[in-house]
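Protein chains: 2
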Amino acid sequence: MKDYKVIEVKRSIFENNDADAQKLREELKEKGVFLLNLMSSPGAGKTTTLKRTIAMLKDRLRIGVMEADIDSEVDAQAIIETGVRAIQIHTGGMCHLDADMTRQGIREFGPEGLDFIVLENVGNLVCPAEFDTGSTKNAMILSVPEGDDKPLKYPLMFSVCDVVLINKCDTLSVFDDFSKEAVEERIHKLNPRAEVIFVSAKTGEGFEEWVRWIEREIKEYNEGRQ
Amino acid sequence: MKDYKVIEVKRSIFENNDADAQKLREELKEKGVFLLNLMSSPGAGKTTTLKRTIAMLKDRLRIGVMEADIDSEVDAQAIIETGVRAIQIHTGGMCHLDADMTRQGIREFGPEGLDFIVLENVGNLVCPAEFDTGSTKNAMILSVPEGDDKPLKYPLMFSVCDVVLINKCDTLSVFDDFSKEAVEERIHKLNPRAEVIFVSAKTGEGFEEWVRWIEREIKEYNEGRQ
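Sequence order for the protein chains is P and E.
Counting in my numbering, the first sequence runs without a single skipped number right up to 229 at its last residue.
Counting in my numbering, the second sequence runs without a single skipped number right up to 229 at its last residue.
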């Protein structure tokens, strides 16, 4: 028997995703659940980043993870092994999640007793940026091997994120045409308020700062509820 | 003045993209133009691969490149510097090209006098796989840093491709959990006829084989026209 559910979500019937996302955000706020929408290209390191994040936070926060994928269950299995609750959401070929698909996942998951849910969105820098999932905050991961020009090519993704992790910084010596200064400047030109954190999910570099960001955001969120 | 046109393509008005793609394929065959649809994740190395491919083939083939991107013109500029014809296609936020969008690009480009057109599709492993562009053949690039599990997670992309380049093989010692055997086996399980070629666009490793594949396909295509 599997340790996690697999949910096949259906395309939203709502025409107005933005309004629906706002509604979901309010529902979650009422429950005191902070939902982080985590986006990236395929292979940027979402799951590895999550595993390390969970290891650092699971004694302090009650964490759940929703793994969205077109087809496989590779990621839910990896997450469940960290000892937190996880489900696998199958999008049935869809390249993103909207608010209602996210709600279907959360409903099956049961958010009760959780402080922090991470939605690992489909690996894609285009479509997920266009659909508000109802998340409290948006995060994305850009990995060093992808190149420092990605903010120029996928501007909407960088514009909608509250925090950008630059991952695989342990490979900067191999990808020596990647400029940390250039990528930060390009991100801030699109989105001056975005936090940019340089990390390596492999070595743990930068994770103290990333975990501090999460804890500070959750604290402010809960203070704002009172 | 720019050395390349920028085309804003419009969403297709055709309901039946498959039929339209077949029509475009026949139009191109009549003209003797081989269209290669090149797909990958953001940052897998499409443009670098193209630049090296052009350098090896431009004395033997008349090459044109259509760079599809949501927004920027970074790639068309890079290609034009190799000395071949290039245009930039802007998709207006769309995450893929369909056959009619491809046709709009080709019409503006003018395929006359070209043997080989490469369409560099939007960086995305999901949506481009779902839309036949009318190309003669489909190619994709998976880069080593993305991981060898990608065929499990984006099966449709690997199923629709005639050839898969595994790029950035010069970094295999850094990404030492990437298994060449595993990735090849996963690809062939989805698509037994796919050619898998291990390359590095940085060092040139594997490019003799890749260029041989292109020349053989173009030769067979032209023999089939007679």
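Hints should not be assumed to be uniformly reliable.
Selected chain E positions facing chain P (Cβ under 7 angstroms, derived; list incomplete) [said to hold, decoys possible]: (1) D72; (2) P114; (3) G116; (4) D118; (5) L128; (6) K153; (7) L155; (8) P158; (9) S162; (10) T174; (11) S176; (12) V177; (13) D179; (14) G209.
Only pairs whose alpha carbons sit at most 27 angstroms apart, straight line, appear in this in silico DSSO-like list of lysine-lysine [unchecked claim]: (15) E:K205 with P:K205; (16) P:K183 with E:K205; (17) E:K26 with E:K183; (18) P:K205 with E:K183; (19) E:K192 with P:K8; (20) P:K192 with E:K8; (21) E:K183 with P:K54.
None of these hints come from the bench; they were simulated from the model.
Where is the CB? At the ideal position from N, CA and C, for every residue including glycine.
Structure-based check of each hint:
1. Annotation: interface hint on D72 (chain E) holds; nearest CB of chain P at approximately 6 angstroms, less than 7 angstroms.
2. Interface restraint check for P114 (chain E): the shortest CB-CB distance to chain P comes to about 26 angstroms, outside 7 angstroms, so the restraint is violated.
3. With a cut of 7 angstroms, the hint placing G116 (chain E) at the interface with chain P is violated, because the nearest CB-to-CB distance is about 30 angstroms.
4. This hint is violated: D118 (chain E) has a C-beta 28 angstroms from the nearest C-beta of chain P, more than the 7 angstroms allowed.
5. A least Cβ separation of about 5 angstroms between L128 (chain E) and chain P falls short of the 7 angstroms threshold, and the interface hint therefore holds.
6. Because the smallest distance between the Cβ of K153 (chain E) and any Cβ of chain P comes to about 6 angstroms, under 7 angstroms, the interface hint for this residue holds.
7. For L155 (chain E), the suggested interface contact is upheld, since its CB lies about 5 angstroms from the closest CB of chain P, less than 7 angstroms.
8. The criterion of a C-beta within 7 angstroms of any C-beta in chain P is met by P158 (chain E), whose closest approach is roughly 6 angstroms, and the hint holds.
9. A hinted interface residue such as S162 (chain E) counts as satisfied when its beta carbon comes closer than 7 angstroms to some beta carbon of chain P; here the least separation is about 11 angstroms, so the hint is violated.
10. With a cut of 7 angstroms, the hint placing T174 (chain E) at the interface with chain P holds, because the nearest CB-to-CB distance is about 6 angstroms.
11. A cut of 7 angstroms between beta carbons decides the hint on S176 (chain E): the least distance to chain P is about 9 angstroms, and the hint is violated.
12. Because the smallest distance between the Cβ of V177 (chain E) and any Cβ of chain P comes to about 5 angstroms, under 7 angstroms, the interface hint for this residue holds.
13. A hinted interface residue such as D179 (chain E) counts as satisfied when its beta carbon comes closer than 7 angstroms to some beta carbon of chain P; here the least separation is about 11 angstroms, so the hint is violated.
14. Checking G209 (chain E) against chain P: minimum C-beta separation of about 18 angstroms lies over 7 angstroms; hint violated.
15. Annotation: proposed proximity of K205 (chain E) to K205 (chain P) holds, straight-line Cα distance about 24 angstroms (limit 27 angstroms).
16. Proximity of K183 (chain P) to K205 (chain E) is assessed by CA-CA distance (about 21 angstroms); at most 27 angstroms being required, the pair is judged to hold.
17. Distance restraint check for K26 (chain E) and K183 (chain E): the Cα-Cα separation of roughly 38 angstroms exceeds the 27 angstroms cut-off, and the hinted pair is therefore not satisfied.
18. Distance restraint check for K205 (chain P) and K183 (chain E): the Cα-Cα separation of roughly 21 angstroms lies within the 27 angstroms cut-off, and the hinted pair is therefore satisfied.
19. For the hint linking K192 (chain E) to K8 (chain P), the alpha-carbon distance of about 26 angstroms falls within 27 angstroms, and the restraint holds.
20. Taken as a hint, the K192 (chain P) and K8 (chain E) pair is honoured in the structure, with Cα atoms around 26 angstroms apart against an allowance of 27 angstroms.
21. With a CA separation close to 25 angstroms, the supplied pair K183 (chain E) and K54 (chain P) stays within the 27 angstroms bound.
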